[in-house]
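Residue numbers for the sequence shown follow the working numbering, beginning at 480 and rising by one.
There could be a bad hint or two in this list.
Under the rule of at most 20 Å between Cα atoms (straight-line distance), these lysine to any residue pairs were calculated in the SDA-like manner [to be verified]:
#, residue 1, residue 2
1, 540, 487
2, 553, 495
3, 522, 593
4, 500, 587
5, 500, 596
6, 500, 486
7, 553, 576
Computed Cβ-Cβ distance ranges for the label pairs, DEER-style [to be verified]:
#, residue 1, residue 2, range
8, 515, 585, 16 to 24 Å
9, 506, 580, 34 to 42 Å
10, 537, 490, 39 to 47 Å
11, 499, 546, 18 to 26 Å
12, 503, 551, 15 to 23 Å
13, 511, 486, 44 to 52 Å
Derived by calculation from the structure, the hints in this document are not laboratory data.
Beta carbons: idealized from backbone N, C-alpha and C, even for Gly.
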Amino acid sequence: ANIFLNDELRTLLNEFKPMEKVHLTICGYNSVGKTTFANEFLKCGNFLLTGIDAISALIIKFSYATANEACVIKYVAQPEIGKMSDEFARWASQMIEIRVPSRVLQLGIDIYDSPGFLGEDPP
Numbered sequence: 480a481n482i483f484l485n486d487e488l489r490t491l492l493n494e495f496k497p498m499e500k501v502h503l504t505i506c507g508y509n510s511v512g513k514t515t516f517a518n519e520f521l522k523c524g525n526f527l528l529t530g531i532d533a534i535s536a537l538i539i540k541f542s543y544a545t546a547n548e549a550c551v552i553k554y555v556a557q558p559e560i561g562k563m564s565d566e567f568a569r570w571a572s573q574m575i576e577i578r579v580p581s582r583v584l585q586l587g588i589d590i591y592d593s594p595g596f597l598g599e600d601p602p
């Protein structure tokens, strides 16, 4: 078996650079435990509010930061990356990033806690 890459395969692989981080999105109906799962997964204590009613009406991105650099960032406008759709503009205006000193996130994982799906009750 030829385990070495020839120039053609190297060029092809370089065109499709792997992502530097893993992006995990938590999705589900309202009040099914998405934020509770995020609290447990991050292993930073229960710093996110949880309850019976929908808590996270925003998209919350969790990324790693040292304790000294921990912060909350609110995205109030879409980034200037060419033309974006109206849907993206609405999405970007409803997103915050919370940077926390989570050992899980330090492994190269970003987590997104999404608002609940529309619907009365989960199936």
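Each hint tested on the structure:
Under the criterion of a C-alpha separation no larger than 20 Å, the hint pairing residue 540 with residue 487 is inconsistent with the structure, at around 37 Å. For the hint pairing residue 553 with residue 495, the CA-to-CA distance comes to about 31 Å; that exceeds 20 Å, so the pair is violated. Of the supplied pair hints, the one linking residue 522 and residue 593 holds, its CA atoms being roughly 19 Å apart against a limit of 20 Å. Restraint check: the Cα-Cα separation between residue 500 and residue 587 comes to about 5 Å, which is no more than 20 Å; the hinted pair holds.
In summary, the hint linking residue 500 to residue 596 is not supported, as the alpha carbons are separated by about 26 Å, beyond the 20 Å threshold. Between residue 500 and residue 486, the direct Cα distance comes to roughly 26 Å. Violation of the 20 Å bound is thereby established for this hinted pair. For the proposed pair residue 553 and residue 576, the alpha carbon gap of about 6 Å is at most 20 Å, so the pair holds. For residue 515 and residue 585, the hinted distance range of 16 to 24 Å is satisfied, since their beta carbons lie about 22 Å from each other.
Our hint of 34 to 42 Å for residue 506 and residue 580 is violated, since their Cβ atoms are close to 25 Å apart. Separation of residue 537 from residue 490 is about 41 Å and conforms to the stated range, judged on CB atoms against 39 to 47 Å. Between residue 499 and residue 546 the CB atoms are about 23 Å apart, so this pair conforms to the stated range of 18 to 26 Å. In this structure the hint that residue 503 and residue 551 lie 15 to 23 Å apart at CB holds, the actual value being about 19 Å.
Against the hinted window of 44 to 52 Å, the Cβ-Cβ separation of residue 511 and residue 486 comes to about 50 Å, which satisfies the hint.
In summary, the structure is inconsistent with hints 1, 2, 5, 6, 9 from the numbered list given earlier, while agreeing with the others.
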